[in-house]
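Line by line, the protein sequences are chains C and D.
For what it's worth, the working numbering labels the leading residue of the first sequence as 178, then goes sequentially.
For what it's worth, the working numbering labels the leading residue of the second sequence as 2, then goes sequentially.
Because the hints were derived from the structure by calculation, they are not lab data.
Yeah, the Cβ is synthetic: ideal placement off N, Cα and C, and Gly gets one too.
Among the hints, erroneous ones may be present.
Said to hold, decoys possible - Listed below are several chain C residues computed to face chain D (Cβ distance under 10 Å; list not exhaustive):
no. : residue
1   : Ser207
2   : Pro220
3   : Val221
4   : Gln225
5   : Ala272
6   : Lys275
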Amino acid sequence: GQQVMQIPQYQHVQEGEDFTTYCNSSTTLSNIQWYKQRPGGHPVFLIQLVKSGEVKKQKRLTFQFGEAKKNSSLHITATQTTDVGTYFCAGLKAAGNKLTFGGGTRVLVKP
Amino acid sequence: EAQVTQNPRYLITVTGKKLTVTCSQNMNHEYMSWYRQDPGLGLRQIYYSMNVEVTDKGDVPEGYKVSRKEKRNFPLILESPSPNQTSLYFCASSLKRPGLAGGSYEQYFGPGTRLTVT
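Isolated chain D (complex conformation):
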């Protein structure tokens, strides 16, 4: 089954304790992205990757890191989490980058990770 998986689905942690949220897709997609969702603010992009070893900042990258060593995986790293990073996080992937001529490169979203930082 084609899907995007995220782990963990729920996480409660304390300020300053490094954590990693994993994301994996089995669709051979080139483009992967991380979003956070907060009430009233919609989905805000944190980082995106257009292919292996190619990553770039989204709109709210502060406090986050990513890596793309393999095509299928795109982990999100919080080196020193703070309470303002409490949020619902979604990983997404698409075959190509959005807007590339020739197709509607829809994004497939993972189930989400609800993170609470105390």
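Okay, chain C solo, but in the shape it has when bound:
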């Protein structure tokens, strides 16, 4: 079945530094969504990417969808303590009805 892998599983970042988390699918995706889950909370939608090579920005967050639509990345610049949490990607196969989530990248920020 479809698999979605995220790396790294954990990311310790110094406040103010940049980091990137990667999402790779075993199959071509129709679209990909990203979610953020704060500690003790529930996942909250961040963004959806649909087009090959698409890049979208939300303030300090930059999301990219690969040309082959099998991978995606989330880049955060100038990390802040408010960025703490687990970031999940979720991929949808073409003509599919369900999202497959990656294992998540848990981000810890050192002040």
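Here the structure of chain C is known, so what remains is to put chain D in place on it, guided by the hints.
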């Protein structure tokens, strides 16, 4: 306030004792889904429903049942819980099924139900 609610939020039970976790949304969403979250495994889909009376298996349906008799409710039933079903469960809903052309049908998650089966 638009929201997805789940009850109970915490539950400790014993092996074999049937239980139901309720999920309700007030956004008139068509698509609803149940996930379980386990450390290192992310969110795995248990069942989903594209509309009333339409349900389908996700990736880990064994040991679970669902029903969708009304649009707003999507209960998760564990007929005979076992310790390997100890997990954090999330219900989610979206206006339409993910991937439907024309929109980003984001999923709205409930607060979660932490289930322990001893």
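Here is what the structure says about each hint:
{"no.": "1", "hint": "Ser207", "result": "5 Å, holds"}
{"no.": "2", "hint": "Pro220", "result": "5 Å, holds"}
{"no.": "3", "hint": "Val221", "result": "7 Å, holds"}
{"no.": "4", "hint": "Gln225", "result": "4 Å, holds"}
{"no.": "5", "hint": "Ala272", "result": "8 Å, holds"}
{"no.": "6", "hint": "Lys275", "result": "5 Å, holds"}
Every hint, counting from the list given before, is met by this structure.
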